[in-house]
Each structure stands twice: as structure tokens, then as C-alpha cells.
Amino acid sequence: MKKIIFSLLVTLYSLLGNSQETFMVNGPHNKNHNYYAFTNATIYVDYATKMEKGTLLIKDGKVISVGKKVQLPADVVTYDLKGKYIYPSLIDLYSNYGLPEVAKKKERRGPPQLESNKKGAFNWNEAIHPEIDAGSLFVVDDKKAEELRKLGFGVVLTHQTDGIMRGSSALVTLANEKENEVMIADKVANHLSFNKGSSTQDYPGSLMGAIALISQTYYDIDWLVNNNQVDEHNISLNALVENWDLPQIFEANDKLNILRADKVGDEFEKQYIFKGEGDEYQRINEIKATEGQLILPVNFPDVYDVVDVYDALNISYSDLKHWELAPYNLGIVAKNNIPFAITAADLKDKKVFFKNLKQAIKSGLLEEEALKALTYSPAQFINQYDKIGSLEKGKLANFIITSYDLFHEKNIIHENWIQGKQYIINDYNVIDVRGKYSLNVKGKVYDLLVKGTATEPKGNIQIISNKEGKSDTINIKVMIKVEGNNIALNFNPNDDFQKSTIRLSGSINHNAVIWDGNGQLATGEWVKWAAIKGKNNSSEKEETSPEELDSLIVPKIQYPNLAYGYDSLPQPETMLIKNTTVWTNEAEGVLKNTDVLIQDGKITAIGNDLIAEGAKIIDGKGKHLSAGIIDEHSHIAINGGVNECTQAVTAEVSIGDVINSDDINIYRQLAGGVVASQLLHGSCNPVGGQSALIKLKWGSAPEEMKIKDTDGFIKFALGENVKQSNWGEFNTIRFPQTRMGVEQVYYDAFIRAKEYEKKWDEYVALPEKERVNANAPRIDLELEILMEILNKKRFISCHSYQQSEINMLMHIGDSMGFTVNTFTHILEGYKVADKMKKHGAGGSTFSDWWAYKFEVNDAIPYNGAIMHQQGIVTAFNSDDAEMGRRLNQEAAKAVKYGGVSEEEALKFVTLNPAKLLHLEDKMGSIKVGKDACVVLWTDNPLSIYATVEKTIIDGAVYFDRVKDEQRQKENAKEKARIIEKMINAKKEGSKTQPVEAQKQQLYHCDTVGE
Amino acid sequence: MKNKIILSFLLLSSGAYAQVETPAKEQTKSVLILNGTAHLGNGAVIKNAAIAFDKGKLTLVEDASKIKIDFSVYDTIIRVEGKHIYPGFIAPNSTLGLVEIDAVRATRDNDETGGFNPNVRSIIAYNAESKITTTVRSNGVLLGQITPRGGRVSGTSSIVQFDAWNWEDAIYKEDDGVHINWVDMFDRRTGKANENYTQQMNELITFFNAARAYSKTTHQQEKNLRFEAMRGVFDGNKTLYVHADFIKEITAAIHFARKQEVKKMVIVGGYDAWMIPEMLKENKVAVILKRVHSLPERQEEDVYLPYKLPHLLFDAGVLFCLENAGDMETMGTRNLPFYAGTAAAYGLDKEEALKLITLNTAIILGIDNSTGSLEKGKDATLFISTGDALDMKTNNVETAFIQGRLIDVDNHQKKLYRKYSKKYEN
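The listed protein sequences correspond, in order, to chains V and W.
In terms of numbering that gives the first Met the number 0, the first sequence opens at residue 0 and continues consecutively.
In terms of numbering that gives the first Met the number 0, the second sequence opens at residue 0 and continues consecutively.
Honestly, the hints are just simulated from the structure, not real lab data.
There could be a bad hint or two in this list.
[Claimed, not checked] Here are the simulated SDA-like cross-link-like pairs (lysine to any residue), alpha carbons at most 20 Å apart as the crow flies: (1) K421(W) to G898(V); (2) K985(V) to K386(V); (3) K357(V) to K409(V); (4) K418(W) to K357(V); (5) K998(V) to N193(W); (6) K262(V) to E290(V); (7) K130(W) to K56(W); (8) K191(W) to Y309(V); (9) K247(W) to Y309(V); (10) K191(W) to K262(V); (11) K476(V) to D446(V); (12) K413(W) to Q869(V); (13) K56(W) to K375(W); (14) K834(V) to S420(W); (15) K24(W) to N193(W); (16) K56(W) to A163(W); (17) K998(V) to L294(W); (18) K421(W) to V961(V); (19) K347(V) to D74(V); (20) K480(V) to D426(V); (21) K386(V) to L245(V); (22) K191(W) to D307(V); (23) K307(W) to V961(V).
Model the full assembly from the supplied sequences, consistent with the hints where possible.
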């Protein structure tokens, strides 16, 4: 059967002529400079200006005038749009329309790829290709254009959505014309992301690597621009320079990535426009503070299939919360006065665009804001409001004609005009035949009901038969085809009258009240027929769903928006902990029946019978108060990979750039008395990345967790991991592959750093006149950091096991002029404790780990005790999210293995790590003046029977056993409430998605990738 | 009258400090341990205990203050006032002796290739001289169920005692059970539902159907080693250990075992088992509970849930014990006592917690007739700790006996400790 889709797009481009002056024409020229007028419409001239009964006059693809009284010229084609609406057509800033598909990266199994596979005078890194110019790659793709035109879009900003520095974008209309005509401008904006996309080069192998790569590239172009005598011609970097002043659009997606990208931008005085993913509400204050404009999608998560209670157990609390809150995002962003544009990107099924948008409006987004975000804002963000985004004189004649207000429940987009050309989406001239009719075929009368849409009517005939006293209703489907005024019907009543198909053709007359014509029965007999519309033709009920009044109330957002997230952040309190056993970690030792006063985040008094007005009294009787636990070696709360494994030296990357404030393990560790952690880079290369020192301020944003004004640290590593011993047969290329090679990596790195410093010193020392003409050295982030180590501004925490290599690194330090601050893991520290002491290194070890790889064969649990006895500052660390929450138990193993005193053993996880991290003047002991980072235990903290009652950071209670239990109950209630809502949504026909199991994303030292 | 020797720990352990820990000789002289606090492993405690054993078996377990003791019948008397006596701890579901160094493939003998290997036997690969085992028993863990891993049907485990010249010597109960890894409903790495669940279930069902039919007769046309190894599962000579953590997997496994007429089934892992205690009890399914020192599996769960699971299962009346499979499990076996300690910290009575690594384990492994608690007639497998052995702060094993044999509680690590301590003394 030939399917006639008369309702879809009839493009009239051939009639309307071309304006490509520079092109050769085959056949007679077909110029058309007519005027087109659209009268009697409600016109939104711009998002804020609504005009009733207005006229829009266009010519040659531009707006000539718009107003209530527009003088129409003689050569005008007029469309009467009485009762209809005109809007400027919509603009999408995030699109790859008309650009070649980027080949997806294949799962690669093979040796590392250290260099770029892109041949030519381009950048060293395959993910940095700012030279990609969407304008020169763009070809019209009418199928894709049509999909967007149907949604009312007229213009998109298109770029190749691939790589870290992606290149520039082109602004194109969605008209089906020559590329030269649809392209409004090329090199409109410059695009970036943290995702290396199709690049198969190893570097960067992590999010922090991508961040470092962007920074380094910016320094590189700075160097290129400011130095005349640079020998290198780099097309990529030149393109970046050329496009430097364009709007910069950063595909950040995740809310924390927006903050990360903004930090990079700030460093180089570049304000990005961020493409988000719809979770901005979770960190709205921080996102507002970026001052960045946003491009936001309307892709809300589908309902989870929660029919099976056991399956529902698997849905995480945060996923449930986000499902409920996602539609509120746009409203929240708008209320916070953050400028934003809306994109249809990220929608797998573009058809839900308006459905979701309407849901966002029901959830607090004002219609005017929505329209602004689809017209004015996108145009404005890319400095194109002089051409698009409204219907003022001189702008492109890009507009849509709709049946109702754009966001009305029943609205239909009839036509989308782009550059003055008409694209019919739902023809308003189609006769709406819906209603109830009496259909008479050769005297036989049927009740016909026509439903469906105006363009796709669907008929139904009800036949009530009465057999043996039983009445039976049979529904017969009627196929209806409407073309202009012609109508055709097909149906098989299968009754006494006819047992086979009746086919009818005819005309629609008198405003669709009467149809009549001729038909043919299966016998071949010709018959007359007619249908008359019933009086009560509005048989269909108004299908407007009742507005949910409570939908405007934003459900509770938690910080972070996870289970155990706070409604509001804990605040410092004045607290007096009375009559408790205080493990001071100071000369006073363990004090019994003592009071500790906490004020303004500090410990202000320790003594007996303390009194403080207004203080919250905490009864510490029978309990123990210790300094909070500090984990010298942790990998929790990190996003996008813990290792940048791809090079032997990656000092340029920083864990501080990728702190994940949404890791549930932060809360779990608070529940184990941990107050601070060093988040370390992994151990897969000799020089890893910089560490982050954080306090576990659950609920805060990443930057607020960082400990301010403190020394910087960096991860080094030795042994099997850096020589890739256990990485399989392919990883035998990256230098080093032996301990011998590791030494050379260090010498090479530090000698380069020294030479680098010398080059800079010499450059800075030049007389100003000479310096102006001299080439400045190129800023190298990797060497900058190594220089900091040499200048004692950054300190090493070195993953280490065997004595040979430990000895080696100390030799390097001694000869290069630095001290290894901490050997972490250091399982053979006991063999070289005397040497470590002499060198001045501390040791942060495992209590009892061994036997997991060859190099830990001689690891002994007495290691901590021996190092301690030799006068080395000794700590126990976790390197493990699970162990991290019971480090007090691990400390007790120093008592078991080697007989360290209880008091000293507790210091292994409190004061000593504080010393190793240079925090001992603020943390690590209970002393007047220090930060109030303390833990109240039910028992001797070294006893396995001790549990945490309260964990206090800077005088604020971050964990409280009683409140934790309350929170569990609240979480369970909240989860149940949302699940009930999901069940209802599913009943109402929402699309569902299958449940996925929760996965633990845990990093260890040797975790490669995400 | 015999010469009474009242020995201190050091004298007793004169064999210590040998180069390599040597398996002890059979018990030939009777021993009486006096005045210690005996934790019997069955829930009871005797504050001032008199415990005696001869020829490897316990001959006396009494309150010293309530009975009259004839000291003359004992060759050796050990006074342990202020110290604690425990039955040897038992590590079920262990790969001790199968894996020496996790990262070195050549030292891994726990995971045979192929999906259905019930005939693969852990016992013959058990390295009685593993350096790890000596560090485990010096914390009080004296017996273990050596268990193969991997595939759908991993193989057959055996129970060993930890002081032996070779695997034959080590056997405590040979081929005690067959282990299967239940079909995952979700890929726990990606979170996605397992697309092959039905197919994998069918493979398992097909295998069991065939093995069950085969087991009905002893006269086979051709011998099938796999089916032969399954015989015990259907006639009750072997326990079927089903490794499964999540609720739907556990319930599916219980239905499966019932349908397959499995005589004795145990769930290993059993993270969600606390949610379905009635089903477990009705079907007489015991649980070997996964490592207590774990993170919760789900974001919103009680942050302490893994610590509280023992208490929850105990309150629900489920028969269960503790294991420590997972990352770094062989070396971590020595921390088994502390899992029980943590269970006690989070609500369980201390003696009940102790049962989870002694008598309950013995019952579940089917060796409780001869071990698992300090009761007259059972093996003299026990140790003396200077303090509470469930607390790392005080766990300090001075003396240990396996079947009455005084074992060497020294190890490679203690030797290195002494060696390097001496280095710094000079």
C-alpha cells in the first residue's frame, strides 16, 4: 500500500527562488522578491513583547516590518492567521547538525599510544584540535533539519562534539537550501569539553589530566603569541589564538564539572558558557557564582520500573531524588537569575522536547523565561541577537506559526518559516473532520466517530447486535484519508448488510458538516453514500489534565543530594563536652574526667568544671574524646580517575581539581571518626599528581572541603605499579619497566626542572630592553611543580615497598636537594628505618597488609612499631574506603604487633598523619587553640568495641549517631514517597527504564581508568 | 610420684625460633590448663577454668573452683591466670594455601578454567607450607575450609587443620562440599541487568538435572567425572555451598536447591539474607556471612549495616557464621577474630560473636562433632591469648594446640621483626 504522508512537510523551496548571487544557474533564473504578509496573528515580536492582531511583513528572507498597522505593498502574498500565533523560531546552541559523524572510539587492546595519530602540523595531543572548523565541514542534512524544524527550531549553532578542544562552530539555519545560503556565520564560538572523545592517544587518561591539558595548552598559546621567534608552526594552536575572543562554550555536563571548568577559565580570564546536564540545582549557589551562562537540556530521567520491591532496593536514593527534582532544574536556575539557554541536545527522542518543557513549566519555570531561553538568550550568548532571536525589522524571517500559545497543552506548530521559506509541519488548511457522524450507505445507517488528530483522523463504527437477547457491541475500525476536500473511507462492517469491505470516496462540504459521494461494495456494485455531522460534535472531553497545584513546591534538595545529605550544612556550635576521658596527644597524655570547650570552631579550654554560657552540654561520662582521625592516604571523593597513568611524570595533574563532594564514602568515613584526608593520586607512575588535603565537610562543595593555607603535596611511586609489572602483556613499552629505570626517570625529571628554573632565572635577569626581544621560556606545568618540590614549597608522599628503591629515592633527594616528606605504604620501612631517620622522612604504612604482590612479601605488621621506635613519624593509612572508616582499629594493631603504647598507637592515625601533612599546628591533638576536629567515642578508641558517637569538624557536628539513625528513617520515608510517585507516573503512562544495581566506585592506588 | 612441670609459655614453645615452623609431633603427654578464662565457643564462659586434654582430645572442661582436680594425672600443667582460652577459630570459604601472592599468577591455584568443575578438588593444591598460614594461626585461626573459586560450579572444598607436613596430613574433612557461584542478576560493575541470566540459569539447571539423574544409579555406561563429583550433593554426603549475596539471587537459589532435591545447602555471602530469615529457617539453609569489614552495598543503607548484619541475623534466629573472602583474603584471614569483635561492638553479645567463628562454623561445615568448641571429647584444638582475642588491641596468642599438638606460633614476619629489631639494637 502506498503510504501518503500529506501531513508532513511540504517544502516549497523551488518556488521561492534562490539568492545565491555567486552561483551559476541552469535554465531561466527564478528570482522572487515578493512580499509576504501574515496578518491578524498574535505575534511575539520578542520573548517579552506580545502583539495582538499584528501583521508581519517579510521579503527576501528578512523581516521588513512588524506591527499593528503595517502598510502592505502591492506585490504581496497575504496569509490570514486569525486566531493563530507567531513566534520567533527557536535557537539551539548545542548541536552537531550537518557535521560528519565522528567514529566512535573502539575498545582498544594493545600497546600504549604515546603520540598523536593525527598526522600533520597539528598539536601533540590528539584531543586538542581547535583547528576543526565546523563551517568548512558543514553540509545540509534535511532529514536531521526536519526533526528540529518540527520542534520549532530555525537556527542551530553546530560544532563537532568530539575531543577536548573541539574547534569552532557555525551558525546555520535549518532551511533546506545550499550551504552558502543557510550558513549565517562560521567561527561563531569555540568549543571545549573534558572528554577526549575519539582520540586514541593515551594522554589524558583521567579528568584531572584533561584539566591539566587545557591549562598547558593555554600557556602554550600565550607563549606562542608573546614570542616572535618561536620555531614551531602549530596549526592547532594558531587556530586557538585566532578564535580566542569568540564566545567559549564548554560542554561540562555534570554540575561539578561546571565548577571545574570555571576554575580553569578563571585562571586564564576566560568566562565560559557551560553546557550542563540538568543537575545544576544541586549546586546552584556555586554555579551562580561562576557567572557563567548556561545551556541546559530538558532530558529528564525516565521512571524506574519499581513493580518489583526487591529490584527497587537497587535504585539509589540519589537517582530517585534526581528523578523527582530534574524537572525543577530550569525553574530553579531561572529563579537564581542565571542566564540560560535551552537545548534539545541530550534527548534521545526529540519528540518529548515540548512535553518535558511543559513539565518544567509546571515545575516552576515561567513561560516567558522558557521563551527567552529559546530565542533571546541563545542569540545573545553568541552575539547574534542582531540577526536572530526576535522578529524586529532587518532580522532573519525565522518564525513559527502555532495554533495556541507555544507552551499550551494543545498547541500545534503549523508552520516553521526559515529565511522566509515555508515549512509546513501541521497544515492548518487541513479540514478537521473529527466528530460524530451518521453515515448512510445505500440506506444503511452507521454511527461513525472520528478521533485522532486533524491530520491523521481515525474512525470507528459501533455496531450493536442483539442476538438471543444478548446485546453485543462490536467496534469496527474505519480508515479515513483526507486530501484537501477529498475524503475516502474504508471499513468492513461484517454485518447483515455487508460481510466485506466497503470503500467510499467523496467530498467534504459545508465546513465538514456533510460528506457525500460514491462507493463500491465488494461485489463491485456502486452505491451512493453520505455522512452528516451530529449536533453534539464535541464528543471528546477536553483532555486537559488537572494542574497539580503542589507541583510548584520544589521537593527537598539535600546537600549533597544523596542519602544522608543534609537539609542545611552543619554550623559551628559552642559545645562543652563534660567529664570525659580526653586523649590529648600532648604531654598531658590521657586525662580522665575532663571537660573540653569548643567555641568558634576551635578548642578553647581543657580542664575541670568548665563553664560556658550558652554552650551545648554534651555528657562525656564513660566516653572518650580523641583528636579526629586523619587518613594520610585516601582515594575517596575523587571523580574521573585516580591515576594519570599515561606518562612516567604527570606532576601537572591535580586531585584538587577533581574532588567529588558527592561520594557517600565521605559520610561513611565521618561515621568512623575521620575528619581529614589526603586525597592522593594513584601509584601508576614515578611522579604522579598533586594531592588534595580535605576536611570531610559532607555537604560542602569541593572547594569548601579543601584545607586552606597549607603546604602542597604530590604523589610519587616506586616498584611494581610504576614499572607496570601486573598490567598484562601489552604494557611493556612505557618507560620505566624496571627499578633501574625508575631512578633515571627521577634524575631526568629533576635535572630538567633545575634547567628550567635556570632558564627562567636567566630570562628574568635580562635587562628589560633585551628581555622584550628575547624569547621567554615556555611555561611547563609539569616542571613548575617539580620546581616547587626543589624549592620546598611542595612535599612528596611516595608510594613505596622495598628497601632498595626507598634507599634510591632518598639518594636522589639528597643529591638534588629535597627531602622525601613521607614514604607511604613503606612496607619495608623497618629495614631502612635508620636511613629514613637520617634523611628525615616520615612513614605512613599499612597496619598489616602483605602478600598481595611480590614486592610485599617481606611486609610485616611490626613495621609501624619498628619505624616508631627508630624515631620516625609513623602513621597508619587506609588506601581503602572500607578500612578508612575504622582506622582506630588499625591503630590498635600497633599495640598488638610490636607493643606500641596505646597513647602512641592512637597518634598513628591522628597526630602523626597531621605532622606528615604539616597540619600539626591546627590538627591532630586536643590542645587549646587547635581546630575543633574531635571524635567522641563510646569506649577506648583503640578498642574494637568502640563506636563513634559524634564526629566534629571545626566545631560543627558532622556526624551524630542519634541523628544518623533519624536520617536513616527519613531517607527510607523519602524513598518510599518517591517510589509511590513513580508508581503513579507509570500508571499514567510515563516511559519506564529498567532498574540497575548500584555499583561501588572505589579507587585504589592501582586503579586505572574510571 | 611424677615430676610436675609447671611451664611458662616460653619453655613450652622451646621449639620456636627454628628456621622454618615445623609441624608438631602427636600429643603424647597430657596437659592441664588452669585458671584461665575459657570461652567455650558454645556461648558459655568459665572464669576459672580447668581444661585438660590427652591424645589430642579434651578430657576435662570444668570450673576449677567447683571441682577437685587430681594434678598427678597430668604431665604438664599450665597456669594461665588472667589469660583467655579459646577453641581454635575456623575460617570457612578460604583460599589459604591455594594463593600465595595475589598478583603473581604462578602462585594462584584457586580458579580452574571452565564453568562446571565440581570434580576439581582444592585439597590436592593446598600448600601446607604457605607462609601466610603461619601468620594466620598465630592469631588463633587454626582450621579452614579450603575453597576453589570461579566458574559456575567452582569445585569441591575440603577442611584442613593448619599444622601439617602435606595436604594429606592436613585433611580434617575431605571433599566436604561443592561450591557454585549463583547467576548474577545484575552486573555489579556496570549495574546493568544480566542479559544472559535466563541462558545461564538454564545451563545450571540442565547440569543439575543431568547430574541428579546420573546419581540415581551407580552402573553407568561411561563414567562422568563431573557427575560423579555431584553425587554427594544429592545423597547428603556433600554440602552445596551457593555463593550469592542479593535477595533475589538467594531466594532463587533456595527454590532451586529444593527442586533439585539438594540435601544440605548453605548460602555463602548472604549480604541480604537478613531480609528473609523465615525462608532460610524453613528450608534449613545456613549462611556463611560475607566479610563484616565491608562497605554497605547501597547508598542509603545504614552506614554500619555490614557491622550490624551479624546482630540482625542472630536476632532473626538464622544459623550463620563469618568468613572473609574478598580482596586480599588470604593474608586477611588473620583478621577473622576481629570481624567477630566488630559484630560484638555493633550489638551482638561477645560470646555469641565468638560462636560465629567457632561452633557455628563447625556446625555449618559439619565438623561440630569433633571441633568448634571446648567440650569434653572434642579435639584439643585451642589457644591461649593474653587478652580478649576478638579485639586487635589484646589478641596475643601465646600458645596454640591443634588436636593436642603444641604448634609453633612463630612465623616469617616475627622472624623478620626479631632480625631487624636486633639490627637496631646494635
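We went through each hint and held it up to the structure:
Straight-line distance between C-alpha atoms of K421(W) and G898(V) comes to about 16 Å, which keeps the hinted pair within the 20 Å bound. As the CA atoms of K985(V) and K386(V) are separated by approximately 44 Å, the hinted pair breaks the 20 Å bound. The suggested pairing of K357(V) with K409(V) holds, with an alpha-carbon distance near 11 Å, which does not exceed 20 Å. The hinted pair formed by K418(W) and K357(V) fails the criterion: a straight-line CA distance of about 76 Å is larger than 20 Å.
Of the pairs offered as hints, the one joining K998(V) and N193(W) holds, with about 14 Å between alpha carbons and a cut-off of 20 Å not exceeded. Annotation: proposed proximity of K262(V) to E290(V) holds, straight-line Cα distance about 11 Å (limit 20 Å). With a C-alpha separation of about 28 Å, the suggested pair K130(W) and K56(W) falls outside the 20 Å cut-off, and the hint is violated. Distance check on the hinted pair: K191(W) and Y309(V) sit about 15 Å apart at the alpha-carbon level, within 20 Å; holds.
For the proposed pair K247(W) and Y309(V), the alpha carbon gap of about 7 Å is at most 20 Å, so the pair holds. Using a Cα cut-off of 20 Å, the hinted pair K191(W) and K262(V) is violated, with the two alpha carbons roughly 34 Å apart. A C-alpha spacing of about 12 Å is found between K476(V) and D446(V), which places the hinted pair at or below 20 Å, so the restraint holds. Taking the CA atoms of K413(W) and Q869(V), the gap is near 18 Å; set against the 20 Å cutoff, the hint holds.
The hinted pair formed by K56(W) and K375(W) meets the criterion: a straight-line CA distance of about 8 Å does not exceed 20 Å. Note on K834(V) and S420(W): the hinted pairing holds, with a Cα-Cα distance of about 15 Å set against a maximum of 20 Å. The straight-line distance between the Cα atoms of K24(W) and N193(W) is roughly 53 Å, outside the 20 Å bound, and the hint therefore fails. Distance restraint check for K56(W) and A163(W): the Cα-Cα separation of roughly 18 Å lies within the 20 Å cut-off, and the hinted pair is therefore satisfied.
Among the hinted pairs, K998(V) with L294(W) is consistent with the structure: their alpha-carbon atoms are about 12 Å apart, no more than 20 Å. Under the criterion of a C-alpha separation no larger than 20 Å, the hint pairing K421(W) with V961(V) is inconsistent with the structure, at around 50 Å. At roughly 44 Å between alpha-carbon atoms, K347(V) and D74(V) are farther apart than 20 Å, so this suggested pair is violated. For the hint linking K480(V) to D426(V), the alpha-carbon distance of about 15 Å falls within 20 Å, and the restraint holds.
A C-alpha spacing of about 17 Å is found between K386(V) and L245(V), which places the hinted pair at or below 20 Å, so the restraint holds. Distance check on the hinted pair: K191(W) and D307(V) sit about 16 Å apart at the alpha-carbon level, within 20 Å; holds. For the proposed pair K307(W) and V961(V), the alpha carbon gap of about 16 Å is at most 20 Å, so the pair holds.
When the structure is compared with the earlier hints, violations turn up for hints 2, 4, 7, 10, 15, 18 and 19 and for no others.
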